[in-house]
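A.B. asks: Here are the chains, one letter per residue:
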Amino acid sequence: EADIYQTPRYLVIGTGKKITLECSQTMGHDKMYWYQQDPGMELHLIHYSYGVNSTEKGDLSSESTVSRIRTEHFPLTLESARPSHTSQYLCASSEVSEGYTFGSGTRLTVV
Amino acid sequence: QKEVEQNSGPLSVPEGAIASLNCTYSDRGSQSFFWYRQYSGKSPELIMSIYSNGDKEDGRFTAQLNKASQYVSLLIRDSQPSDSATYLCAVWDSGTYKYIFGTGTRLKVLA
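Sequence lines, in order, name chains B and A.
Remember, this note's numbering sits 565 above the position in the first sequence when you count from 1.
Remember, this note's numbering sits 102 above the position in the second sequence when you count from 1.
Simulated from the structure, these hints should not be mistaken for laboratory data.
Check each hint, because a few of them may be wrong.
The list that follows gives simulated cross-link-like pairs (lysine-lysine, DSSO-like), each with its CA atoms no further than 30 angstroms apart [as the list claims (entries may be wrong)]:
no., chain 1, residue 1, chain 2, residue 2
1, B, LYS582, A, LYS158
2, A, LYS169, A, LYS104
3, B, LYS596, A, LYS200
4, A, LYS210, A, LYS169
5, B, LYS622, A, LYS210
6, A, LYS104, B, LYS582
7, B, LYS596, B, LYS582
8, A, LYS144, A, LYS158
9, B, LYS583, A, LYS144
10, A, LYS158, B, LYS622
11, B, LYS596, A, LYS210
12, B, LYS583, A, LYS200
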C-alpha cells in the first residue's frame with residue numbers, strides 16, 4: 566500500500582496552460598523532494614523541502630515552483646507549460662538518512 | 103561537488119548467475135548508502151540500505167560496503183529475469199539533507 570500519492574498519474578496538456586502536480590504522504594515525514602526524470606535517464610532533483618514553509622531549489626534549474634503549507638502536502642506548479650517540460654515527475658519523502666519512499670510519478674506531456 | 107559513480111551497463115548475466123553491481127562515492131565522510139531498483143516506466147523502489155563496513159544480506163540480495171575504498175556493491179544471487187531493471191546507488195549527504203544518486207546500472211538477466 567502506497568504511503569505517498571501522486572496525482573494525476575498521466576497528464577497531457579496544451580502549451581501555455583497552468584498545471585499543478587499533487588503529492589501527499591501519510592508518513593509524517595518532514596523532508597520531501599521533487600525529481601524530474603526523462604525515459605532511460607538519470608534522476609534530477611528540482612525542489613526539496615525540510616518542513617512546513619521551507620522550500621529550496623534543487624540541482625537542476627526548473628521553471629516550476631513548489632509550496633509546503635502542510636507537512637503532508639508538497640504540490641508542484643508550472644505557470645505556463647511548454648513542450649520542454651515533458652518528462653516524468655517523481656515525488657519522494659524521507660526520514661533523515663533512512664532512504665526515500667517514492668510516489669508512482671506523474672508522466673507529463675505538453676503538446 | 104560530491105559524486106556517486108556507477109557503470110551504466112547494460113550488465114548482462116544468465117539466469118541463475120550472480121549479478122554484481124558496483125558504486126563508488128567521492129565524500130569520505132558519507133555514512134549511509136542505499137540501493138534502489140527501478141523498472142522501466144516505474145518509480146525507484148528501495149531494496150537495501152547499509153551503514154557499516156561489511157556485508158548485509160536480505161534474501162537473494164547482499165550489500166557490501168568498504169568505506170576505506172569508498173565503494174558499495176550489490177550482489178544478486180540466483181538472478182531471475184524479473185530482476186532486469188536499473189539499479190540506482192544513493193548516498194546520504196548529511197550536510198544538505200539530500201541523497202546523491204548515481205546514474206544507475208541497467209541489469210539484464212537472460213533466460
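A.B. asks: Which of the numbered hints above does this structure break?
C.D. replies: 1, 5, 6, 10 and 11
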